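Colleague: Construct the complete structure from the given sequences, taking the supplied hints into account.
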Amino acid sequence: MVESTLNDLRPGEKARIIKVLAKGTVRRKLMDMGMVPGSEIEVVRTAPLGDPIEFRIKGYSLSMRKQEAVNVVVETIV
Amino acid sequence: MADNRIRVALTGNPNVGKTTLFNMITGSRQHVGNWPGVTVEKKSGFKMHKGYEIEVVDLPGTYSLTAYSLDEVVARDFIVDEKPDVVVQIVDATNIERNLYLTTQLMELGSKMIIALNMYDLAEERGDKLHVENMEKILAMPVVLTIASDNVGISELLDTVIAEKQKENHHSREIGYGDEIESRIIEVEKVLSQEDGLASRYPLRWLAVRLLDGDENILRKISGSSVALQIKSILESVDIEEYEALMADKRYEVISAMFPQMCERCMTRMTTSDMVDRVMTNKYLGIPIFLALMWGAFELTFSFANPFMVIIEMIFVWLGETAAFYIRPEWLASLIGEGIIGGVGSVFLFIPNIFILFFLLSMLEDSGYLARAAFIVDRVMYKIGLQGKSFIPMLLGFGCNVPAIMATRSIEDRMDRMATIMVVPFISCGARLPIYILFAGTFFSKNAGTVIFCIYLLGILVAVASAKLLRTTTLKGHPAPFILELPPYRVPTLKNSIRHMWDNGSMYIRKAGTIILGGSVVIWLLAALPWGVEYGSEDSFIGIVGHAIQPLLGPLGFDWKISVSLLFGFVAKEIVVASLGVLYGVGDDELALTDSLLADPNMYGITALSLMVFSLLYMPCIAVVGIIKKETGSWKWTAFSVAYGLAVAWLLAFIVFQGGKLLN
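Just so you know, the protein sequences line up as chains A and B, in that order. All residue numbers for the first sequence refer to our numbering, where the first residue is 118 and numbers rise by one. All residue numbers for the second sequence refer to our numbering, where the first residue is -2 and numbers rise by one.
Hints in this document: simulated from the structure, not taken from any laboratory. Since the model is a prediction, treat every value here as computed from it, not as a measurement. Be aware that one or more of the hints could be misleading.
Unchecked claim - Listed next, with one range per pair, are the computed distances between beta-carbon atoms: (1) K131/A x L282/B: 23 to 29 Å; (2) F301/B x K136/A: 51 to 57 Å; (3) S197/B x K183/A: 44 to 50 Å; (4) K183/A x L454/B: 27 to 33 Å.
Claimed, not checked - Lysine-lysine pairs mimicking DSBU-like chemistry, simulated, CA-CA at most 35 Å apart: (5) K136/A x K229/B; (6) K134/B x K247/B; (7) K658/B x K443/B; (8) K183/A x K465/B; (9) K40/B x K109/B; (10) K247/B x K136/A; (11) K658/B x K140/A; (12) K140/A x K633/B; (13) K247/B x K183/A; (14) K126/B x K229/B; (15) K443/B x K140/A; (16) K136/A x K443/B; (17) K136/A x K187/B; (18) K40/B x K140/A; (19) K626/B x K380/B; (20) K183/A x K280/B; (21) K109/B x K164/B.
Using N, Cα and C, we set each Cβ at its ideal position, and we do this for glycine too.
Modeller: The structure is reproduced here in structure tokens:
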């Protein structure tokens, strides 16, 4: 079990969300989209140009830029 | 309100088939407008069902009601302030868990609610087991299965709406937020109840929850009341940010407790959509596919529309000439023929473009590809201060800026959208090409192609630089976070796309049309008055204005003739060439115009270059002004766009002309 931030994960890796560090509207938006502590999240792929990243959370696909993903602390699940 | 009238609000997440359901219910009995005071589109419609007149109001699609965006505020305010009889939430049956988040927030508003569990066929196809009865019991509201695109379940949904309306009392389920927060909720509620006005307008528990959730919009709502200070002091004593997280967490906790009883085997698995995405957003194939699709959409929008545009132009030219032939006196013939028919013509000219564009955009959006396109180009667009969704409008700008600006509607963030609208006019549209062809062809015959290419490139550079500039000044800040759902791929329906095309096309005619027509008539008046002058000649008002502003344009190398033709260019860029023909006294004969230009002692290569640069950058045409006003909803931004374009055009043309003179 390793603690890291979402942007560090590679496609195919799964993790559990520990904390959302973002502030203000970004934080709220992330939470609205299901990024709450305890949720499972999987990296699906990165865009062809390397950013943004596509994740799978709560059964749907969500994309966000690396700079937003940095704000989500996760623990990897093996 | 009479007993047989029912008002229904339609809500739901984006991409759940809300628009399709709305269209299915209301058919052609729709009204499209704006919500009061904001530029968010409002759609409502009527349906007669079993003797009841049901009014359906389509609220903006949102993931939440936390007032993160204008759409959320509009949706929420409608439910709390207008108190519709029934609120229908459309839930995507293949994505129930995330959709329920909105449900938990809607429940707190205290309205009668119904869930339309849409696209249940897709969920069942992939092996999900939906337990509708459990869902009804747990949520304490009726659940109706629908397939909006196939008109399945619509009638049952309307039956349920009528049944709900007739129910005497209803109790709504509440989310419990845990002891600590609950005690705060009670505390806030108690304070709020001291103000008489509030309890009659809003559910107090909801107000308390929203306040503790850090909702500034609600805080403003109660700021005028007598209890505002007391509330403020309570809020200051708690850690709002922590509460915010705890409450979101609690909602999802409640959902994950309910969810397994509503749907079995509803877990994530590899779907067809994922397989499609393996190709569409593939590391190597993604970009070529994207470029091919964009090229296709561009070609269809402009090449396919071209013959229709030629026909429309011919019809209006013929109408204008016929009017000029039959109508007497002559001034009236000219007003009707050139001013009004010409003006209406320039409104209708764009219709093939706009219709085809919105048809294709709707296809791209409904299929789910539009979100992927944004996903693919976001990185590049972010670098210049815009975002993934800004790409399509800018690309379309090369064809025509009018539909390009309309296409910015898919950008949710207002600042990102404004920035995109402000830079689109610098993208060189098709109508500017005749000017380049005339002047590059006349003065740079051998290198005409290179010169024209450089002009296009300059347009792109100015657009990019302007985006950067706006992002550090008026629209300060980085593009909004790109937290975007990539909805599953679906087959778009022809009916929906045609509907979308029709709605946007007719909206363009009504809203932008009046401004375009008005502008055309004003220019006609300037060209035709004072009484008795030759249309658009040196002695007309436009000629006089042209002379008057010539000193301003002199440093760019322009004489009065160029100045006048640039004034005509406000109506449409293609008129610049035609009006030069009139001013040089050669009419439509382009060869003669080339000769006259070459013979003119005031015209050199650098004058031509300066003129092309100026034409590229100053206000594209009256139609663009009309659409900017319509889309931004603001005269201030419209004026800014025109003024900024003129300033940039003047500055760069000045540098080209004066720089060129120094080098010579």
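Colleague: Quick one: are K131/A and L282/B within 23 to 29 Å, going by C-beta?
Modeller: Taking Cβ atoms as reference, K131/A and L282/B lie about 26 Å apart, which means the hint holds.
Colleague: Is K183/A within 35 Å of K280/B, Cα to Cα?
Modeller: Distance ~17 Å between K183/A and K280/B Cα, so the pair holds.
Colleague: Sort out whether K229/B lies within 35 Å of K126/B, counting only the CA atoms.
Modeller: It is violated: about 47 Å lies between the C-alpha atoms, which goes past 35 Å.
Colleague: Quick one, are K658/B and K443/B close enough, alpha carbons at most 35 Å?
Modeller: holds, 21 Å
Colleague: Taking 35 Å as the top limit, are the C-alpha atoms of K136/A and K229/B close enough?
Modeller: holds, 28 Å
Colleague: Is the hinted pair K134/B and K247/B satisfied, with a Cα-Cα distance of at most 35 Å?
Modeller: Measuring from Cα to Cα gives roughly 20 Å; hence the hint holds.
Colleague: Okay, F301/B versus K136/A on CB: inside 51 to 57 Å?
Modeller: Since F301/B and K136/A have Cβ atoms about 52 Å apart, the given range 51 to 57 Å holds.
Colleague: Would you check the hint for K658/B and K140/A, treating anything up to 35 Å between C-alpha atoms as holding?
Modeller: Violated, because 55 Å separates the two Cα atoms, which is more than 35 Å.
Colleague: Does K187/B lie within 35 Å of K136/A when you go C-alpha to C-alpha?
Modeller: Holds, because 33 Å separates the two Cα atoms, which is no more than 35 Å.
Colleague: A range of 27 to 33 Å was offered for this pair. Does it hold for the Cβ distance of K183/A and L454/B?
Modeller: Holds, at about 30 Å.
Colleague: Going straight from one Cα to the other, do K136/A and K443/B come out at no more than 35 Å?
Modeller: Roughly 64 Å between the alpha carbons, so the hint for K136/A and K443/B is violated.
Colleague: Given the proposed pairing of K183/A with K465/B, does the C-alpha separation stay at or below 35 Å?
Modeller: holds, 21 Å
Checked against the numbered hints given earlier, the structure breaks hints 11, 14, 15, 16 and satisfies all the rest.
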